[in-house]
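Each chain is listed here by its residues.
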Amino acid sequence: MVEVEKIREEARRLLQEGQVRGVIGYVRGPQGVWAVPAMIRNPEDVDRLVWNPTCVHNLVLFVVEEKKEQARQKEPDKRPLAVVVKGCDSRAINVLLQEKFIEREEVILLGVSCENSGVVDKKKLLNLVPSQKIEEIVYGNNGHIVAVIDGERRVFPPEEVLADRCLECQANFPVVYDHFFGEKIKKEAINTSPGVDKIEKMRLEERRRFWEEELSRCLRCYACRSVCPMCYCTECVVDPISFAVEPTTTAEEKAKKIKWIEKSPLLSENFVYHLVRAIHLAGRCVDCGECERVCPEDIPIRLLNKKLEREAWRLFNYVAGMDSQAPSLFSTFKETDPEDFIR
Amino acid sequence: MRKKIGVFVCHCGINIAGTVDVKKVAQELSEFPGVSYTVDYVYMCSDPGQNLIIQKIKEEKLDGVVVACCSPNLHETTFRRAAQSAGLNPYECEIANIREQCSWVHKDKDKATEKAIKITKGIVEKLRWNEPLQPIKVPVTKRALIIGGGIAGIQTALDLANSDIEVVLVEKNPSIGGHMIQLSETFPTLDCSQCILTPKMVEVSKHPKIKLYTYSEVQEVTGYVGNFQAKILKKPRYVDPDKCTLCDECTQVCPVVVPNEFDLGLTGRKAIYIPFPQAIPATYTLDIEACPGVLPIACGKCWDVCEPKAIDFDMKPEIVEEKVGAIVVATGYDLYDKKNMAEYGYGKYPDVLDGLQFERLLSASGPTRGKILRPSDHKEPKEIVFIQCVGSRDPELHNKYCSKICCMYTAKHAKLYKHHVHDGQAYVFYIDIRAGGKGYEEFVNRTMEEEGVLYLRGKVSKVFEENGKLVVWGVDTLAGQDIEIRADMVVLAMAIRPSSGAEKLAKILKAAQDTDGFFAEAHPKLRPVESLTAGVFLAGVAQAPKDIPDTVAQAGGAAIKVVSILSQPELLHSPLVAQVNEHLCTGCSMCVDVCPFSALSIVEGKAKVNEVLCEGCGTCAATCLRSAIEVKNLTHLQVHDMLTASLGGLK
Amino acid sequence: MEHNPYLPQLARIISIKEEVGGARPIKTFHLELLNGHRFDFRCGQCAMISVFGKGESMISISSSPLIKEYLQFSILKMGRVTTALHEMEEGSIVGLRGPYGNGFPLEEWKGKNLIFIGGGIGLAPIWSVLQTALRQRDDFGQLTLFYGARTSQDLVFKDELKKLKETIPVYLSIDVKEPGWNEYVGFVPQNVLDKKPSPEKAIAITCGPPIMIKFVIKGLQELGFQDDQIFTTVENKMKCGIGKCGRCNIGHHYVCKDGPVYSWARLKTLPQEY
Amino acid sequence: MEKVLKKSDLGQWVARLKDFDLYGPVRENNHWEFNQISQLANFPEDYTQVNVPLKKILLPNREVLFQFEDNRNGGPYLQEVLPEEREVVVFGVRPCDARGIVLLEKVFSSEIPDIYFERRRQQVYVVGLSCYPLPGENCFCLSLGGGPFSTKGMDILLTKMQSKYFVEVLTPKGEKLIKAAPEYFFNPTDKDQQERQQLERKARAMFTRQIEGVEKIWPVLSQMFESPLWREESYRCLKCGICTYLCPTCHCFDITDEISSTAPLQGKRVRVWDTCQFPDFTMHSSGHNPRPDKASRLRQRIMHKFLYFVETFGDIMCTGCGRCVSKCPVGIDIIDILNKVASHGA
Amino acid sequence: MNSEHEPKIVAFLCKWCSSAGSDMAGVSRLEYPSNVIPITVMCSGSVSPLYILSAFNLGADGVLVSGCHPGDCHYIKGNMYARRRMALLKELLPYIGLEPERFQMSWVSAAEGLKFTQIIKEFVKQLKPLGPQTQLRRSL
Ligand SMILES: Cc1cc2nc3c(=O)[nH]c(=O)nc-3n(C[C@H](O)[C@H](O)[C@H](O)COP(=O)(O)OP(=O)(O)OC[C@H]3O[C@@H](n4cnc5c(N)ncnc54)[C@H](O)[C@@H]3O)c2cc1C
Ligand SMILES: Cc1cc2nc3c(=O)[nH]c(=O)nc-3n(C[C@H](O)[C@H](O)[C@H](O)COP(=O)(O)OP(=O)(O)OC[C@H]3O[C@@H](n4cnc5c(N)ncnc54)[C@H](O)[C@@H]3O)c2cc1C
Ligand code: SF4
Ligand code: SF4
Ligand code: SF4
Ligand code: SF4
Ligand code: SF4
Ligand code: SF4
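Protein chains in written order, with my numbering: chain A, -16 to 326; chain B, 136 to 786; chain C, 631 to 904; chain D, 16 to 361; chain E, 27 to 166.
The hints are simulated quantities; they were obtained by calculation from the structure and are not laboratory data. What you are looking at is a predicted structure, and each value in this text was computed from that prediction instead of being measured. Glycine included, every Cβ here is placed at the ideal spot set by N, Cα and C. Fair warning: there could be bad hints in the mix.
[Unchecked claim] Cut-off 25 Å, straight-line C-alpha distance, at most; resulting in silico cross-link-like pairs (SDA-like, lysine to any residue):
no., chain 1, residue 1, chain 2, residue 2
1, B, K307, B, G403
2, A, K107, D, E326
3, B, K539, B, E515
4, B, K139, C, R710
5, C, K867, D, S341
[As the list claims (entries may be wrong)] Pulled from the structure, derived: some chain D residues nowhere near chain A, Cβ distances all over 12 Å:
no., residue
6, V117
7, M176
8, T186
9, E198
10, E230
11, C255
Throw the hints in and build the complete structure from the sequences for me.
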């Protein structure tokens, strides 16, 4: 069991000694049990830190944001950041290291084990316990999730309430960390996704219809991208909303910006947006599932990344975020890479 | 200002006009945005055709020209030159290929015309964003660095020096000469190796244009073609060559004996030694590893006897810097490591030798003064087994490639053995005989027929000692039977491996190695002496196993390649190179990883293009997730707009 | 038919003049509406110019409303739309909708001395007032122009300024010394402080880069100008021009309709979101 | 006018509305969405609140404003494109969404009317469904002058009772809908009336989330421009804009040109949703950005709704539907923020 | 579907092998359907997946990427990187319902004029029965 007091102790020590400029962790959110991300800057606030099955967010996103923020500062605070990482989050750290977005010294990783379980999918849980007041959600035994509802404990088996990504997770404790909390209970590494299986089994037209139905709802709010720690690009190639305009950017440069897709949420544009994003995340997506979780339209975008994750493994034996030293999926090749699809 | 583009549609006689309605192409293009002039003409590449272009560029004040004609491979240069003579930047001229890719391959005139229009519109869109470019000029240091002083390095050095180019030759051993100086006589003519090599070595040492660093290694190379800076580590030899008179007093008194590398351990040498009498530079070297000590001077006997006080225990490693314009890698080979061949008793039984050891036995200056004697008991071997392809052509366990020279030198060895031991019997185990070379087949045949050497086709499974004999177990696959030979000596034709430091050097030079570890040539057929790194060339076995004639030929080739660079006042490099948008680059270094020419690096968190090395292939551009790097004049925007134009709009 | 506020009218570019070259070029365009449409506006108002396929940009009308033959716009090349505009030729057709914004309260200024203080492209909105005042010379007191740019090259309306000098005091300045320049060297606010225009019965109208405006206002206050004697214009990003798209607001003010002209007395009460 | 409709007759009535395009709540994955329907037998028991509010029909995510075309000699030719003429009935609109339209009207029909919005507004018939039980865990309309039975913006409000719907017909448009099948509508009995009132009382008692002292908020807000609250509350914001895209009152948009052909030029000018939460929303071409960070953008969202809109239109631009609270991926909670604001004033 | 449909094809050809191969087809006067618009790029390794998606988005019915045979790449290994990228794209497109026939990759050397024509012929033949590609095509 992860003892949250130990995380707090470590966080307090780091802050008191001035070793870090802050601790990115989870705190209880304004809507009761549901944890939200926060940056703790003072040792007095350390007690706000929590660790429970509602800690869904991939906090590495805030490492990315902090990095960008510091880059804008005239006098950046060079002290590292401490950040609480789960298994998937730690893989995200590895990808950032691999892509040299951060240096290892910039982060102190407070690794937490997912207790042989995972995090809760709020939607699933709320479907089971509609509109009741949930007071607390904690880990039970054998990966079970315990929710205290109106003073009563209800135990849920993992498959009922855990997020899909956790059910399919291959690294439920961090692969890289400085401090580790909890136990390393290795789950069976299953490189499977029932969701992907289901789509693969469909006929072509069914697949098309499936995705058309799903993607036609996309509002292009870009939440999926905003939440993704891998989408840290200064300017996203497929979206017209994050321009990297600097004082030195010339009028011509601005005029020459390519509109690969239109800003309108037309189905075709939604397709291209999601396909580009999927390709860009191939070998980089660590399946933290955040993109899918945040989507206000409940579009199963994770299934795109998951498909490519599967293919990267099948074709190239590549798994994202396992080794920060290895070259990334597309910046290397093997003589023996498959080419039976080539004429 | 928006470009004014002229479109010139060529009939190519009826070659284009026969299938493509050129008038219609011109007409449609005249209505295309940005096109301010169009014309069709019967032969655009003819003088009048070219003059028409020149004249219209001037008259119509065109900023860009598209010639819709044949493949750019044919006349791109022609038309660019024409455009240039009219005052246009040559990169403002583009070719739309409507012949090879259109008129010649289609019959339906309407469809071909439609396609020609699309192709041409696409090219107009591309041209719209073309930047005027100037070739990149790179000043050139007229000096060459040659790494490795074997025959390859020596030959390249001499060829270059004789072409009036200054040469820096770096050899890691105390003397130049490489493996060839160890050989006895050389196939196919059997002339004495040392006799033909030593004059060249002397020439190297005397040549005013050659600066020789022996006992030295290249530590770091920076820069790029035309402008390399090399850091060379001079290992201390503790003997001042200028003072040393070669009196040999020191070796007389030195108490330490270690195996002699030159004789591959068949003899010993002192801690202070000269590798071989004809060594260049002619001086002694103190092997500090073997010497009992400098501090405190535990021995110092040599120092005591050295009259001219040439010995200097305080000598320090020294790093010198040399600026050169080109580099030739001639680092040769090593034999495959003994360790790998335990089944043949190599390294275990003194009378199992490798080819080079056998060369030393054959050599008149060798340990046995040219007599063939067993190292174990100094007796003449009466039965001798040569095994070919040891460690070669064995993808499962050893090296997959053919070492190429072993067939020949084994034949030579067997023949020379017979010359020495007339009553001896020589057996050769072979897989097959590869004697592709002038006079080679005849040489092997003579060995078989005239010398009565017994060639057995098959593999040897085991060699072991029994009662003072070496028992060789093998199969004769032709006869289909197992064979056991009780021999006095076994000679293994060990596989040729890239020399031990090759990997390190490849990294230093950012030159690629092939999967076997040899330096990779830029193109297996067309650029066999160029490495993948601009300005770095290859000679000799460093590139692939080969014999002396091939080595010398390649050395000459490398030399002329170097000359072709260094003879120019400055290098002109295509300006179609990658460029980085620093606002977008996050420094992820994926592009750095994929660049086949090592033209990219990360400087202060951003990718940086070395324009001299970049070949403009665009692999980086497709790899970069953020479109932060693109090749000039074929940017993403250009491709996007070409697509838009040639797909003809959406409905 | 109902009025469609998003539908531009077509206008022809009747002349183009290159004001400033180099890396930050400025061109002045004269437009005339097609199909006999009318376009009435007040000094300080702006219009949305469309380049079809590229988009729209809000641009101040720099000509005087008294001129009916054409509408003048001076445009700095900044991005997609403005680059396209700079690439256009005389005779090309663009879209135009407007006028937008409140404009300067010229009526209230009758009889006052007007001090114009501009920097760079910021002269454009001022120019409309200046031209109008020149045409209604008797309605106003003394007219004075302070105008500066980074280099002499970057000054707009060079020819017109030359002529203007013959009628009213014109104080030009450039930021750094240049051979052949015999007027003021230094920043515009300093030039104003140097020349000490009197606040007596005066209105100061300033427009230019934000940093310049800030110091001009400080300078004017030092010279004794009251906050309601100082007028400036604000540029916020705009799309609709009619207070709906939600972009240009400063507090509850929509710059596109409640602005872009503000007296300092008013502007200083608004949040700093411009 | 008040009527009752037998539950079993709902489908019959709807079937009569042949001349209209019908929209109603349809279940998609994990949520409800207003989609086109061909029939409506009943409102499913588990129908809560649609995901994307009614505004998607009045202010669609993509609205073509006009087409342009370069006809080779005459230069560009413009063709106004107005919304299709078709009358739409939307069923099951919750009071908060209907109130959202009323607020949107203030923006789009004031001063210079927006003819696209107006045309769509005229064509839309709103048939609401009152909220008992409360559909959302974060409903707080009650704090903002709305309520689970609010009729603002509705043409008809239906209340689900034991065996019938209580039907409040509120506008001539509503009457028109009833007239399509008058035989199904009866006058309510006193008992019906009482049941309806009782349900409303029950519903009002169900609210768990509320803002304490809304009236304090706008005066306090006007003093809070520089407050550190914005930075604290926005730290975890993803700048995704879900809060505003799903808000029934948020209406920011962008205008862009979409080209279908470059030669000859052909394309459309469209307006698409945009949000103040996107970083480039207010960014000038020069890169200068008056709202450069998450804090200033969160401030804008709150201030626009609870201060600026109040100053301009005398109303709060939030209906308390709770979507931004429920849907924010990082639990940024407008109710919580407003309570903090209110407590600043205390 | 409409068998008369004339598919629009974009072919990204590397300059050194495949474009030269298509030239060879021309020189040898080997006929093939005119549906394909060649876009010559420096190397198959420079073809970004964006190009392919954008081609479909802008109305292509089929996209071909062609480079030098492994080992023959003018830029040594650009085609090897392309192979990896395209392998994934090749899996992804049918996954979302796009007919696998619509995206192809080939190795065509400068000498293989005949192979080039065969590839195009077959490509066109496969695309015709599929009709127009509408899934990714932008329609305004
Ligand atoms: C047993 C045997 C018999 C042979 N007989 C014949 C024959 O009869 N006829 C024939 O044509 N060929 C023969 N050959 C082949 C011949 O030896 C080679 O073709 C020839 O030596 C190749 O020359 P080279 O200069 O490429 O390499 P090498 O001779 O290996 O020379 C390489 C030189 O580079 C130096 N070097 C290596 N690495 C570095 C470094 N990092 N820095 C500086 N210096 C370095 C080495 O010390 C060496 O001096 C025989 C080979 C063998 C093994
Ligand atoms: C009231 C007002 C008056 C102006 N008067 C002039 C003038 O007289 N001369 C002049 O050269 N410029 C003027 N500008 C600035 C001009 O609007 C911008 O430079 C122009 O919109 C940049 O458009 P772009 O498409 O070239 O830039 P891009 O960066 O390619 O496009 C960005 C888009 O954002 C919007 N935008 C970006 N920056 C601004 C901005 N600063 N103001 C408004 N919208 C912006 C536009 O909608 C534009 O289409 C004025 C702006 C305002 C608000
Ligand atoms: S989060 Fe969902 S709705 Fe928003 S852009 Fe991504 S897929 Fe579309
Ligand atoms: S989709 Fe691609 S370009 Fe866009 S942010 Fe993500 S990685 Fe960057
Ligand atoms: S794509 Fe989705 S699952 Fe993958 S790393 Fe990004 S947010 Fe996590
Ligand atoms: S791949 Fe792109 S972002 Fe990464 S270092 Fe290269 S240019 Fe920069
Ligand atoms: S939904 Fe939440 S994270 Fe997204 S912009 Fe709104 S407040 Fe920020
Ligand atoms: S906020 Fe009010 S009106 Fe909206 S759904 Fe909730 S209870 Fe109903």
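Exercise for the section: Check each numbered hint from earlier against the structure, then list the numbers of those it violates in ascending order. Expected result: Per hint list: 2, 3, 5, 11 violated.
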